[in-house]
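Q: Protein chains in written order, with our numbering: chain A, 1 to 312; chain B, 1001 to 1364.
To be clear, the hints were calculated from the coordinates, so they are not data collected in a lab.
Do not take every clue at face value.
Claimed, not checked - Okay, the calculated bits of chain A under chain B, using three or more residues with CB under 8 Å as the criterion:
id: 1; segment: 127 to 137
id: 2; segment: 229 to 240
Said to hold, decoys possible - The following label-pair restraints were derived from C-beta to C-beta distances:
id: 3; chain 1: A; residue 1: Thr297; chain 2: B; residue 2: Gln1239; range: 20 to 26 Å
id: 4; chain 1: B; residue 1: Ala1322; chain 2: A; residue 2: Thr297; range: 51 to 57 Å
id: 5; chain 1: A; residue 1: Thr244; chain 2: B; residue 2: Gly1214; range: 34 to 40 Å
Predicted model, so just to flag it, every value in this text is computed and none were measured.
Here a beta-carbon is modelled for each residue, glycine too, at the ideal position from N, C-alpha and C.
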Amino acid sequence: MLAFLGSFGDILANGPLYQSTFRLAAILVFAAAGEWVAERAGTINISVEAMLLGGHFATAIAYTQTSNFAFSLFVGAIAGIFVSSFQAFLSHYLNADQFGIGLTLNILLLGLVAFLEPNFDLSTKLAGEVKVPLLYDIPILGPAMFGQRWPMYLVYAVVPLSWWLLMRTKWGLEVRAVGEDPQAADVTGINVNARRRHAIMYTGLIAGLGGGVYLLGQVGRFESGNIGGKGIIAIAAVIFGGWTLRGAVAGCILFGYVDALRLNLPNIVGHDFNAQLLAALPFLATIVVMLIFAKHTRQPASLARPFIRGLK
Amino acid sequence: MSDTPTAKRDRIELISLYVVTIILAFVIAAILVNTSGGSWSKAVEAMINGSFKNPGRWGETLRRAAPLLIVAAGSAIAAKAGIINIGQEGQVLIGATGAAFIMTKIHPGSPLMLILGVLLGMLSGAAWAGISALLYYWRRVPVVLSTLLLVYLSSQITGYTMTRKFLLLEVIEGSPTKIQNSAKTAVNSRLGIMHIFGNNVPLTVPIAIIFAIGVAYILAHSVWGFRLKMLGLNPRTAQRAGVSHVKFGTMALLTSGAAAGLAGSLMLATGESNYRASSGFSASVGWDGLLVALVARNNPYASIPVALAFACLHTGSNFLAAAGVESVLVDVIRGLLVLALFIPPAVSELRKKRRVLALMTERA
Chain A
1 MLAFLGSFGD ILANGPLYQS TFRLAAILVF AAAGEWVAER AGTINISVEA MLLGGHFATA
61 IAYTQTSNFA FSLFVGAIAG IFVSSFQAFL SHYLNADQFG IGLTLNILLL GLVAFLEPNF
121 DLSTKLAGEV KVPLLYDIPI LGPAMFGQRW PMYLVYAVVP LSWWLLMRTK WGLEVRAVGE
181 DPQAADVTGI NVNARRRHAI MYTGLIAGLG GGVYLLGQVG RFESGNIGGK GIIAIAAVIF
241 GGWTLRGAVA GCILFGYVDA LRLNLPNIVG HDFNAQLLAA LPFLATIVVM LIFAKHTRQP
301 ASLARPFIRG LK
Chain B
1001 MSDTPTAKRD RIELISLYVV TIILAFVIAA ILVNTSGGSW SKAVEAMING SFKNPGRWGE
1061 TLRRAAPLLI VAAGSAIAAK AGIINIGQEG QVLIGATGAA FIMTKIHPGS PLMLILGVLL
1121 GMLSGAAWAG ISALLYYWRR VPVVLSTLLL VYLSSQITGY TMTRKFLLLE VIEGSPTKIQ
1181 NSAKTAVNSR LGIMHIFGNN VPLTVPIAII FAIGVAYILA HSVWGFRLKM LGLNPRTAQR
1241 AGVSHVKFGT MALLTSGAAA GLAGSLMLAT GESNYRASSG FSASVGWDGL LVALVARNNP
1301 YASIPVALAF ACLHTGSNFL AAAGVESVLV DVIRGLLVLA LFIPPAVSEL RKKRRVLALM
1361 TERA
């Protein structure tokens, strides 16, 4: 019993665990902050997974060619927009089923990346570590939040940016109106489907950037399986957070922590866990957390309802 | 379908759109092949040889098509009720795993064990989908999300059962248990395979066709099917008419999960991956089946040719490597094709609406 409590203490006081939590939560935050905007516009994009992968892959190609970190991240963001524009135009201009399109994009991109990868001799490196003075010295949390590779710090820009865009701009107000009552928004002269397309392309921008940050700030080497389900967990985080950005970020941290546990538990406790169950942990935890904590929060009233003028 | 001039024009427009987008999808794929150092004509030849021309290949194609059709028909049931189940891949796998518990554990098998195994497979698939129903009706977690999450979970859970002897791990005396799969199913609890012109056609093929027709009939002609459709078209009206969203929604989801489970257990019974279950057993049958249903717009009859086409892509891909093209090309083609098939109906709807609008403004 004492040993059990001791190992529990080890887990709580383990610095590397928090550092890896931050890194794993960061990619979820990128995806979730973008998806949050799109969901407030009344759309659900399971293609956020494809956007992450597109950014991840494009950043790898760009870095191999130019060895410039900032430019590669930029290319990743552009790739994210490119992928998301398919989702946006096919399901909110042509009104094709958004889940069908999202799923197809996920499958298509996974195949495309697997097909194209052997043609590129990909070699990427991790960006340099930057320790923020003073803040770094905070025990446990300091090294985790302020001792990362520099692309990771973009997460501190993305969250306020998303919030400001949606909550403090005219565009954001219109996006929220479109997610709540598209008919009313339409009558006041807002182009409903255009706002939805913009919101989705913003998701693509942020998710593509996130895919790039994940490559250059954490994993360092491209593999098509790197993303494997992170976009889906980010969507779960948005729902867990009750469609507030605060809640979504909290959800990302929670799911990031579980993912970090998966990676670090065997080292900390010194006990071999079953590999399959360990790999299942993030998804298992997501489902269990949703089952227990997801409340009947008020979702955007027209979430996942396509808007076609004259059709309620 | 009346034959007014506009209806006729719309149909011609729709068909030509289909032709254009499908050709475009293949052209993009051909460009991809050529730019990555392959030859598209060789790739096409390999696909044709692999899917039906070479001896024994069309049997393989039919073997692949059957579970796709079952999965697609099941997805149609959920979709008709307005529920978007996209977790078939996991439901197929869990179904096969459930079936393996009976088919591999009880020796010597008998046809009764086959039936029991398939039943357990269907139950497991339904239960797996039932988790999503629980999450939705209790916690309002969208079915789309929970079914997807469960896909990621399913292969790990199945993988886990293959690492424990008391579950499904095959134990061979004196050999290391590195290869994680189940034992072979008992010989007597396997489903028959017909030999036709040198092709091995498993009995799942007629079963799948009967299943698809049955689903189409039930959806079109039974009270149950009518209620599901009512729920899908307008949940509020359905509720007023006494069709409970919770009850019928759950039933639709469970049925589609059971269909996926049926597909998985029949695959195991007819010798998929040498009668052994493993964590990669479902081999994208769930994804493909779902795409078949999407492309066929949830019409079980239309699913039959679409399933056949998708099966051709799969069996054809096995011959691609010999032609110097990565076999994952097929995933790209499949994705492009599905996108291509989504576009024409959407464009044609849009144009129809624009025409009506133009007419209205003209009159006003």
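Q: For every hint, state whether the structure bears it out.
A: Status of the hints after comparison with the structure:
1. 127 to 137: This one is violated; 0 residues, fewer than the three required, reach chain B with a Cβ under 8 Å.
2. 229 to 240: holds (count 6)
3. A:Thr297 x B:Gln1239: 20 to 26 Å: The hint (20 to 26 Å, Cβ to Cβ) holds, given that A:Thr297 and B:Gln1239 are roughly 22 Å apart.
4. B:Ala1322 x A:Thr297: 51 to 57 Å: holds, 54 Å
5. A:Thr244 x B:Gly1214: 34 to 40 Å: Since A:Thr244 and B:Gly1214 have Cβ atoms about 46 Å apart, the given range 34 to 40 Å is violated.
Consistency with the previously given hints fails for numbers 1, 5, ordered from lowest to highest.
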